[in-house]
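Student: The primary structure of each chain is shown beneath.
Number of protein chains: 2
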Amino acid sequence: MSAHTVLFRQKPRIISTGTVAGPKECAGVVGKYVDKALSDDMFGESTYEKAECKMLAYAIGKAIENADISEKDIDMMISGDLLNQIISASFAARDFDFPFLGVYGACSTMAESLALAAAFIDAGYFNRIVAATGSHFSSAERQYRYPLELGNTRPPQSQWTVTGAGGAVVAKSGGGVAITAATFGKVVDFGISDVNNMGAAMAPAACNTILTHLKDTGRAPDYYDLIVTGDLGALGSRIVKDLTWEKGVDIQPNHVDCGEIVYNVIEDEFQGGSGAGCSAVVFNSYLMDKLRRREINRVLFAATGALLSTVSSGQGESIPCICHAVSVENVF
Amino acid sequence: MSAHTVLFRQKPRIISTGTVAGPKECAGVVGKYVDKALSDDMFGESTYEKAECKMLAYAIGKAIENADISEKDIDMMISGDLLNQIISASFAARDFDFPFLGVYGACSTMAESLALAAAFIDAGYFNRIVAATGSHFSSAERQYRYPLELGNTRPPQSQWTVTGAGGAVVAKSGGGVAITAATFGKVVDFGISDVNNMGAAMAPAACNTILTHLKDTGRAPDYYDLIVTGDLGALGSRIVKDLTWEKGVDIQPNHVDCGEIVYNVIEDEFQGGSGAGCSAVVFNSYLMDKLRRREINRVLFAATGALLSTVSSGQGESIPCICHAVSVENVF
Numbered sequence: 018m019s020a021h022t023v024l025f026r027q028k029p030r031i032i033s034t035g036t037v038a039g040p041k042e043c044a045g046v047v048g049k050y051v052d053k054a055l056s057d058d059m060f061g062e063s064t065y066e067k068a069e070c071k072m073l074a075y076a077i078g079k080a081i082e083n084a085d086i087s088e089k090d091i092d093m094m095i096s097g098d099l100l101n102q103i104i105s106a107s108f109a110a111r112d113f114d115f116p117f118l119g120v121y122g123a124c125s126t127m128a129e130s131l132a133l134a135a136a137f138i139d140a141g142y143f144n145r146i147v148a149a150t151g152s153h154f155s156s157a158e159r160q161y162r163y164p165l166e167l168g169n170t171r172p173p174q175s176q177w178t179v180t181g182a183g184g185a186v187v188a189k190s191g192g193g194v195a196i197t198a199a200t201f202g203k204v205v206d207f208g209i210s211d212v213n214n215m216g217a218a219m220a221p222a223a224c225n226t227i228l229t230h231l232k233d234t235g236r237a238p239d240y241y242d243l244i245v246t247g248d249l250g251a252l253g254s255r256i257v258k259d260l261t262w263e264k265g266v267d268i269q270p271n272h273v274d275c276g277e278i279v280y281n282v283i284e285d286e287f288q289g290g291s292g293a294g295c296s297a298v299v300f301n302s303y304l305m306d307k308l309r310r311r312e313i314n315r316v317l318f319a320a321t322g323a324l325l326s327t328v329s330s331g332q333g334e335s336i337p338c339i340c341h342a343v344s345v346e347n348v349f
Numbered sequence: 018m019s020a021h022t023v024l025f026r027q028k029p030r031i032i033s034t035g036t037v038a039g040p041k042e043c044a045g046v047v048g049k050y051v052d053k054a055l056s057d058d059m060f061g062e063s064t065y066e067k068a069e070c071k072m073l074a075y076a077i078g079k080a081i082e083n084a085d086i087s088e089k090d091i092d093m094m095i096s097g098d099l100l101n102q103i104i105s106a107s108f109a110a111r112d113f114d115f116p117f118l119g120v121y122g123a124c125s126t127m128a129e130s131l132a133l134a135a136a137f138i139d140a141g142y143f144n145r146i147v148a149a150t151g152s153h154f155s156s157a158e159r160q161y162r163y164p165l166e167l168g169n170t171r172p173p174q175s176q177w178t179v180t181g182a183g184g185a186v187v188a189k190s191g192g193g194v195a196i197t198a199a200t201f202g203k204v205v206d207f208g209i210s211d212v213n214n215m216g217a218a219m220a221p222a223a224c225n226t227i228l229t230h231l232k233d234t235g236r237a238p239d240y241y242d243l244i245v246t247g248d249l250g251a252l253g254s255r256i257v258k259d260l261t262w263e264k265g266v267d268i269q270p271n272h273v274d275c276g277e278i279v280y281n282v283i284e285d286e287f288q289g290g291s292g293a294g295c296s297a298v299v300f301n302s303y304l305m306d307k308l309r310r311r312e313i314n315r316v317l318f319a320a321t322g323a324l325l326s327t328v329s330s331g332q333g334e335s336i337p338c339i340c341h342a343v344s345v346e347n348v349f
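Going down the list, the protein sequences come from chains A and B.
Under the working numbering, residue 349 is the last one in the first sequence; the count climbs by one each step, no gaps.
Under the working numbering, residue 349 is the last one in the second sequence; the count climbs by one each step, no gaps.
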């Protein structure tokens, strides 16, 4: 089988980021790193969906502003989200005058959009591209699970969809944080059909892409300061560590999961955070800050997505999952 | 503003295609060009959604077979569809062992996925990529509009979602049909909120991308034998011709719309065909046959998408639309 990893010779840079998160999220690790900490998760809008869209537009606009450039300097935005027909991304794109490339990778969207942006920049097609995604607890909950008004009890294996959005401007040059490689994942389905147990469903996809990346690049896990998964949560993280260990690869010492670390106090969130916004906010605020300060220098950012819908689950299908990964490194 | 068009120096080739369509579609122009003409639009499955997924998997598999290669020769599939969380594409991807890049562009998906595939091949990242999409009348109708059992009367400005799927293998070399350029569209919203009038909503996006393409490439409309839109239908086609004419560009002599030509007898379909499968089937069967026979040599394939959801419409939003275009030419 051919290699699934692209090595970017031009090492496209992440020149800026923009992030926003809800009050519950900002009580945790990302609170002091985000550009905007919301005190109200409605963000002044009349519906959760409109709030989600506004967060995404904010993250895109803020990333552009943080790069000290203007909208006309951007050649394209690459974005997607969890809502049906990715309406957050499409409606956010309406606010801007640059082309829009819509993607769907569920919670893997931040890695997918960064990989595509880096590929387009590396190939010399464009100069500056915004990659962004986000999610909202309330819009995801009522679309994927139950009406919020029902007040359903959540099972212990469940996760809590992050309310937040993050975006990054990828460019030819500027700063020292580069995207040096991307590994595109394939769909992996281990037959799990419990829609409240996303971590277990997604862990095999993460394992597959991480191992593929290490094999394609000839790197050992300790090449990276951190191997970051998107939103496996506490249970899913344990599974991915077991699965890779079974294949003779030990990621335990340097693995961290955005979903596992995003909330300080795990109460209702049980296994931690999830949603496209989870890895988008943690990567673009907390992790990018550590990269910029050179506290860490090499990160494998592997975001996973569960590609189910309420219809597929209703028709008895299991949950196909995917993981895309980008290698983000300081270049000296 | 920067140019939105990428010229592919390596001229990636469309080396093969695979197509399947339902009985109503095969009574029309594509009937004698598709690889498989279904006599039953359930395709042996128990639900419309599963039938849609099976059509997409068939088109992908058939395109690979028609290229006289095997699954292991494919580096990636790029696909999306109209269903929530693009489950047709995700579940079809489960059948194959290559990476999956999920995209969402509604009915613009065929052009979007061809553009991405060509970009990846042109950049030298991969050798062979399948681009594919499809749709199903019954799954789209019950997701976007009303339960089929209601038997709602359809308004005269409505279109009929095509039941069918198409895929193409894009490769470095092989045959004479090449993707020479791609223009990525931006989101255009003229404030139309009638979900039964997609053609009118999408026409301004088509106009924008076609004009951008012609400007970026310095080409006149008559450079192309055909300027093909995806699924504007009869009314939308008239609007796009008017809109471009108002901007001083006359596409009338060589414009054709897949939605307008796909059905022979326009009865219930009113304005013609729509859906991601519409342009996918017409392009990959009928138009590619004419290109291979060199009856036509230069086609601008501009597929449009309406990026709405039932939630966005229910919350009073208008319909943001997009159009991506690829230039497909015989190289001698």
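Check each hint, because a few of them may be wrong.
Copies of the same chain look alike in the list, so a pair counts if it fits in one copy or across any two.
[As the list claims (entries may be wrong)] Using 25 Å as the maximum straight-line C-alpha spacing, the simulated PhoX-like pairs for lysine-lysine come out as follows: (1) 264 <-> 28; (2) 232 <-> 89; (3) 28 <-> 189; (4) 89 <-> 264.
Calculated from the structure, these hints are not laboratory results.
Student: Does each hint hold? Answer for all of them.
Tutor: How the hints compare with the structure:
In this assembly of identical chains, residue 264 and residue 28 lie within 25 Å of each other by CA distance neither inside one copy nor across copies; the values are 30 Å within and 41 Å between. Taking the shortest alpha-carbon separations for residue 232 and residue 89, only the inter-copy value of 18 Å comes in at or below 25 Å, while the best intra-copy value is 40 Å. For the identical chains of this complex, residue 28 and residue 189 are neighbours both inside a copy (8 Å) and across copies (24 Å), given an alpha-carbon limit of 25 Å. Within a single copy, residue 89 and residue 264 get their C-alpha atoms only as close as 48 Å, which misses the 25 Å cut-off; across copies the closest is 23 Å, which meets it.
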